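A.B. asks: Each chain is listed here by its residues.
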Amino acid sequence: MSHSTPPELLVLHTLRCMGAASLPRVAAAAGLTPSDVESELIDLAVAGLTTTVPGEFGGWRLTDAGRVADAERIADELAAAGTRATVERAFEGFLVLNPELLDLCTAWQLRSVDGVVTANDHRDAAYDAKVLALFEDMDRRLDHVCADLSAAMRRFHRYRVRLADALQRARAGEREYLCDDLDSYHSVWFQLHEDLLATLGIPRR
Amino acid sequence: MRWIHPLSGEAPPELIGGKAHGLIVLRRLGLSVPPGFVVGTAAGRAFHRYGRLPDGLGDELAAAVAELETATGRRLGGPERPLVVSVRSGAAVPMPGMMATILNLGLTAAATDGLARETGDRAFADDARRRFLAGFEEATAGQGAPDDAYRQLELAVAAVFASWDAPRARRYRELHDIPHDLGTAVVVQAMVFGNRDEHSAAGVAFSRDPTTGEPVPFGEVLFGHQGDDVVSGRSLTRPLRDLSGREPAAGAVLVEALNRLERHYRDASYVEFTVECGRLWLLQARPGRFAGPAAVRVATDLVDEGLIGRDEALLRVSPRHLGAAVRRIDAADLLARGTGASPGVASGRVATSSEAAVRMAAHGPVILVRPETSPLDLPGLAAAVGVLTARGGPASHAAIVARSMGRPAVVGVADLTVDNGRMYLGGRSIEDGTVITIDGTGGEVALGAVATVSVANDERRERLLAWADEVVDELADELAGPGEQRSDPDRLRAAQDVLRNASGDRFERP
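If you read the protein sequences in the order shown, they are chains A and B.
Heads up: the first sequence begins at 1 in our numbering, then just goes up one per residue.
Heads up: the second sequence begins at 1 in our numbering, then just goes up one per residue.
Isolated chain B, as found in the complex (with noise of 0.2 Å):
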């Protein structure tokens, strides 16, 4: 085949793109990842050329779909075990959140009628095809889905191609020096429904706490929900280790898929995964970037387990990321997690409106909690020590005016509702005046005035320093100056610039 790819073999992620890539280690490491295969960046760049899809591509995309077919059982639209697909940007190099993605694919009224007698759950299969169907329009900027699962593929693969050059997209590029002429991948996969029954669950993990460093898995889970429902941060995800009390097995299944990938990056691993029916599966995997301390203890971490040597470990730090120590709330009981937006820990008072958070603001630190934030806002929010809202993102009003003002803030908490001087959350009732504690790096949210801790990892801090010295002893031909005199990060620095002199970036990271 000339356009498609299949999720195996040795094909880079300039052809295949990052995400398909990452399901070909997976695969490749022994771990369940749902069949499918990707229609490759060259039918991309075809696409954007000709504004249509290229010649061939057509038949190769009904041989691909005959062998997922046949892999699975299943027929694309059938009425019997219809085959059922995701449709997934995915260029060689990251854009988060800027392409189409269609789920569901191949849920026509008849493939419906098909899952609902499979499963037996008509409305499973009923929601099913009604987030497809909303979905789909999503991506084709309005365009009703046909009732043809082929002809469903067909323009889904279209609308994924065609949103590498939505305006969101080349900003995000022109920011970020990628290319524009790269041109996305597009990953078709059987489903995996994170919201077929009780035993179903979707979420996000990394091998370890991403604030800390600690070799501990970290993420969050939905139950009975769809992977889409867990970025969004349109429900209240639980903390990670709930899966392993709830499926245990599929929680095992996990946290050796993470360790097996952090022997092969030999780096921290992240992944997406849904569970379905119990068993989990694999739908993303890239090392997992870590920052500030965390960025320390795993570097160091990695030398002790022998995973990497220490002139490679002073390079996977960013002399920037040496800094100051992140404070987090030490609490065991949160109240809600939300997406942290403006990063600090803030304690104060309860303040569902701007007025009360001006008014209460003279007798000590208010939180001001709102629904979402608009101008009428702004007296409150300069008042208070932070804030929390329930709906919003990173680039929502709310987190860009909490970050010019250097506030806290947790955004997008999914079950915050603001009434009449209370508020509703994690099934309380706060009335205004109430402490809680915020956390605007990882998004928490606890009842009271919680203790912080300091996350620094200065040991491991020292030590890495002291390697960048020894480097810089032993190998600089001209030193730049005693160690104790030069700032931490400089000292970092000059180690990084002699380690890349001699190895002619043979360690810079791809």
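In isolation and in its complexed conformation, chain A is listed as follows (with noise of 0.2 Å):
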């Protein structure tokens, strides 16, 4: 049994991990239901750790201080649970992938139409359907990856089961869960990408 994140740490790092976002979002992303992550949410604001941006692009986002909070408790709980080799093997199976997640995004967003690159204005069925095939292709692929993290931190569960939600949905025809949603694969693989290097403490380059 993989080690098992109490709740006020799951929701002060999926917020972390998000950057901002609202109640629903973040109860989503963590797998809470909304009322346990919004008395957490109050708890950690009462803390000084998180806070409510208002206006159109507002949302729930952790202080400073939440942010070093985070830093230091999933570094403790890292250590804790003994398996920081096996995050580092995935994070480095993560970083074969990436490239090749990002090419796929930006083949779904743009094209070679005679010889110049130009939107994809999503009118040629066979490309996207190729596109598509492409992605999962490359998701059974972070099979092993997310297998790792899972054994690793259960939290990391999470990911593989937004990252199949957000196929499945662009498989049935909702095609901005590719990369144009804010719960679009690329988006979940984005906040991955970010879980994994705050998780290992390792600063963007």
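Rather than coming from a laboratory, the hints here were simulated on the basis of the structure.
Remember, predicted model here, so these are calculated numbers, not experimental data.
We put the CB at the ideal spot given by N, CA and C, even for glycine.
A hint or two may mislead.
Said to hold, decoys possible - These stretches of chain B come out as covered by chain A in the derived footprint (C-beta under 8 Å, 3 or more residues): (1) 197-207; (2) 349-362; (3) 382-396.
To be verified - Examples of chain B residues lying across from chain A (beta carbon under 10 Å, computed): (4) 70; (5) 72; (6) 74; (7) 78; (8) 291; (9) 292.
What the hints assert, rightly or not - Label-pair ranges, simulated between beta-carbon atoms: (10) A:119 <-> B:487: 49 to 57 Å; (11) B:52 <-> A:171: 39 to 47 Å; (12) A:52 <-> B:365: 57 to 65 Å; (13) B:453 <-> A:117: 46 to 54 Å; (14) A:96 <-> B:93: 22 to 30 Å; (15) B:93 <-> A:35: 41 to 49 Å; (16) A:22 <-> B:141: 38 to 46 Å; (17) A:171 <-> B:277: 24 to 32 Å; (18) A:203 <-> B:97: 23 to 31 Å; (19) B:8 <-> A:88: 50 to 58 Å; (20) B:141 <-> A:202: 20 to 28 Å; (21) A:171 <-> B:181: 42 to 50 Å.
Starting from the two chains in their separate frames, assemble the complex, guided by the hints.
C.D. replies: What follows is the structure, encoded as structure tokens:
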């Protein structure tokens, strides 16, 4: 049984990796009920670790103190679980696939028409199907990375669920779930990338 | 020779790859190309069949190197006047950036000493060797380079062949319907060094402006650097006109080369070049394929210049490129240039953090400026009208997110740094709140709210469409309907259908 993150840290860290998000999106990402997440967020806010930003682009986010606290707690958690080597190996596997994912998102958004790169207008169903099939093929090769991560730390399993969900929706015709939605495959991947860096304490370059 | 071909003659791209084919065109036009040879695609296919270089290739390599040594008066791995070569991929169909390239090969420890003595520039020689070792290691998945120049060459050729089958390259072919069994060729040429001295440079150039189609050379140049620095965006390039300012002779040769290539291709042309000690060398050439208004302008201008006929002009423009005008910034003085990653022009106040962007967006448009983006920047990106980053390319997280939100983006601005509510760029310190303008098509950054110009080439488009209607009226058995009632792309499409049917695809471009 891999290490299970307590709800308070799970909410704090989920928000850390999402950047800023509404309560329902934090709940969906963390796999908790909105009411549980709300009470954690309020407790965290009282402790000065989270805050809400008003306005159209607002939502819940971490304070500077919250980011410091998250970095400490998530490092302690990894040390306590004793699974750093597994997470590092998984991160290496992730980095092999990362350029491929970025290429595929680019191929989904842009394509070469008569030798010139232009926006993909999604009128060529055969091309879109080909890109989607390549996403699915890559997603299968992500399995062992996800399995390693879930074994190291249970909270990582949420990424496998969310990525599979985004791909399923794209397959069912909701095309924006590949790269063009807040909960798209690319967005979840981007958060996983951020999570791995945060968990291992690696600064972005 | 069975596997190796000279950089001359009539061999088709299927056999020697598109890059070597372009080099032969350049030489035939009397332009300076570093001497070399090409290991053909047949050897590449054999490599993939047997997992090693084919029998007999070793002997041919030795003979080809000996010939190159004679031509250059240098010796591969030699302690005096060493021959240093580049080893590059080149498939029949271009696959830009997908395969391995190894520069400065042959710089063993002894050869590096030789190069240092020959040039009297120890730092240059050491830098060249450092780049070679790093490039070799990257191309061979971590293998260190042996201190035997000939062995380096064999391993490098094998590494380029192997890179044809890298997952990224395979995926690129699947997306672009390129067969996996085509294989790549390997071009081996004597190195020319853009980082040799203050009269050296590397760059890329189009014969016409790829955004507007205007008949003036357009491109970028980087003084004192090797070509890979230009393409990687690691360094700040200068506009092409700076070449003529600093190295007028090389600049004049370049313009002449672009003109000769235009007449050969009967199209806009594109080259990659290096200037070594004031002398210009061409490293790659192809027709410059343009989109949108530029495609329309080039096609109609080429008719006026007598290089192509009206029918061919009609077939050169994709109906999909007829559409919208492109907006570009109209600034003589650019602050910087990066990679355009999401098209469009945006002006706004600089915000160097996501929080600042969200806060400032309530009072007017902002441009989010970041070293690179993380998910933490998403609220700022959503709040901003455009994004500017120091790192990343067209396939970076920042570029993907910007495109998904329809925000103009310039990425990979090499000398941009962000610190404590300021950005540092082009030797200036720019405070949050200062207005800048970015152009996500051309990758330009300018200070202030710069005016934009609309590049529509409307008059030329009307001319082209009038030709299209004429073709349909003259040749079509049954009319698709009066021209005025059809959309512009449909008018062009109808003419193309008529021409293609009439010619049996005689006009289809290669």
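A.B. asks: Against the structure, test the hints numbered earlier, and report the numbers of the ones violated in rising order.
C.D. replies: Hints 1, 4, 5, 6, 7, 10, 12, 13, 15, 17, 21 contradicted; others consistent.
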